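> Sequence:
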Amino acid sequence: MKLSAFGRKFTADAGITSLMDDLGNAMASGDDMIMMGGGNPGHIPEIQQRVQEVLAGITKSDEDMRRLVGVYDPPQGEKQFIASLAALLNREYGWDLKPENIALTNGSQAAFFMLFNMFGGDYGDGHRKHILLPLAPEYIGYADAGIEPELFRAVRPDISFTDGHEFKYRVDFDAVEVTGETGAICVSRPTNPTGNVVTDEELARLEELARQQNIPLIVDGAYGTPFPSLLFTEAHPTWNEQIILCLSLSKLGLPAARTGIVIAEESIIKALSGINAIMNLATGSFGAMLAEPLVRSGEILSLSRDVVCPFYKAKMEKAVAVFHEAMGEDTCRWYIHKPEGAMFLWLWFPDLPISSLELYQRLKERGVLVVSGHYFFPGLPEDDWRHRHECLRVTYSQDDDRVAEGLRIIADEVKKVWQEQS
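Sequential numbering of the sequence shown, starting at 1, is according to the UniProt record's numbering.
Think of the hints as simulated: they come from the structure by calculation, not from any bench. Do not take every clue at face value.
Restricting the straight-line Cα-Cα distance to at most 27 Å, the calculated cross-link-like pairs of lysine-lysine (DSS-like) are [what the hints assert, rightly or not]:
no., residue 1, residue 2
1, Lys-318, Lys-415
2, Lys-60, Lys-79
3, Lys-168, Lys-60
4, Lys-318, Lys-416
5, Lys-313, Lys-168
6, Lys-415, Lys-168
7, Lys-168, Lys-270
8, Lys-364, Lys-315
9, Lys-79, Lys-270
10, Lys-318, Lys-364
11, Lys-129, Lys-318
12, Lys-315, Lys-98
13, Lys-416, Lys-364
14, Lys-98, Lys-79
15, Lys-168, Lys-98
16, Lys-129, Lys-9
17, Lys-415, Lys-364
Derived Cβ-Cβ restraints for the label pairs, each shown as a range [said to hold, decoys possible]:
no., residue 1, residue 2, range
18, Asp-64, Arg-333, 28 to 34 Å
19, Glu-299, Gly-274, 31 to 37 Å
20, Glu-365, Pro-74, 47 to 53 Å
The structure presented is a predicted model; accordingly, all values stated were derived computationally and were not measured. Beta carbons are placed, not taken as given, at the ideal position from N, Cα and C, and that holds for glycine.
Using the sequences and the hints, build the whole thing.
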């Protein structure tokens, strides 16, 4: 059966489908694979207990159960959650939000698919606009989200070395070009895959560039502020009508609830709700109803700050220490991106004799599932920049002992690669 151009595009090989297939196949096979590839959050007992308490309360109320499973929400999303979130953010940050500034989506991935194609692509009369990613590498899930080809343009980062085996990407503003052909700017904060956190100053400069062209700055806050706050450095939440802020309940501990949150100017929310109606009819109620009591009370902020953030920071520190010990000082050149947030270590092996994709395959054969770094450069021209083929993304959200075992295997395999070349 023949498929349209749309059908062919979304059935072709893609980084995100490869990643999710690997994860699903490894889980289904029952093999003792060390899962360090995906972004599944860790299981935090305090969060799970609180969610169970809320769910138990819902099940005791006929009215709440009817709202949970028995009625369609409007295309904008569950009204009580939206009202509570607007009230919380106004109370905490003075953002002057109304419910009309917030929409829910069936996961953040759906939100970005809609937003990227709202602002990028064909504007008529042969006029096309792109989505600018000012700091490569960026999230693997963006790469194939455009209906039209070549939707993204990305910018190589400045690289600075912050310690003996640590480096940091920074926005190279001299190379960032925002023109009439730019439909929107998008940056994740913290960045998936690197754990980099764009500074408040960098974010303000990007907002000003967006303002000069009257285009939105899309901030992907799935791991960030104000919640779930997987941040190990200072970063302040910010929103105004130039910014489209995208949040999620997944990394708080509700990935299966598939609840994305978009905060934007009213006309954008109205357009997004219309697309929601066409694509989904309605958004799911489950995540919104589980989280609404936590949002209404403000507990979602204290849980993020006092429970979720310390949980991941401790895991990050353990993972970094294990990898330092495993690699040692006198083997080969290796660096970890300064881990400022999220749940990943971004490992860089300069002059690696094989590609990161080959290293991924070798690690998979040894029972460790990671992600090859080359997937995380959407919109960057194919050239001879070896760096994109020298990196791995490693998730440390799962059991500490398993993560440590996986990191030791990675270190051992990298050393083997170099020994084979000597």
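> With the threshold set at 27 Å, check whether the alpha-carbon distance from Lys-129 to Lys-9 stays at or below it.
Satisfied, since the Cα-Cα distance of roughly 19 Å is no more than 27 Å.
> Between Lys-79 and Lys-270, is the straight-line Cα distance small enough, at 27 Å or below?
The hint holds at about 14 Å.
> Taking only the CA atoms, is the gap from Lys-98 to Lys-79 under or equal to 27 Å?
12 Å, holds
> Would you say the C-beta atoms of Glu-299 and Gly-274 sit inside 31 to 37 Å of each other?
Given range 31 to 37 Å: holds, Cβ gap about 33 Å.
> Would the hint linking Lys-60 and Lys-79 be met if the CA-CA limit is 27 Å?
Answer holds: Lys-60 to Lys-79 is near 21 Å, not above 27 Å.
> Would you mind confirming whether the straight-line C-alpha gap from Lys-318 to Lys-416 stays at or under 27 Å?
OK: Lys-318 and Lys-416 at ~24 Å, within 27 Å.
> Just tell me: holds or violated, for the beta carbon distance of Glu-365 and Pro-74 against 47 to 53 Å?
49 Å, holds
> Is it true that the CA of Lys-415 sits at most 27 Å from the CA of Lys-364?
It holds: about 16 Å lies between the C-alpha atoms, which stays within 27 Å.
> Check whether the Cα positions of Lys-168 and Lys-98 lie no farther apart than 27 Å.
37 Å, violated
> Decide if the proposed pair is consistent with the structure: Lys-315 and Lys-98, CA atoms, cutoff 27 Å inclusive.
37 Å, violated
> Given the hint that Lys-364 pairs with Lys-315, test it: the Cα-Cα distance must not exceed 27 Å.
At roughly 23 Å apart (the allowed maximum being 27 Å), Lys-315 and Lys-364 satisfy the hint.
> Is Lys-318 within 27 Å of Lys-415, Cα to Cα?
21 Å, holds
In the structure shown, a violation is registered for the earlier hints numbered 3, 7, 11, 12, 15 and 18, in ascending order.
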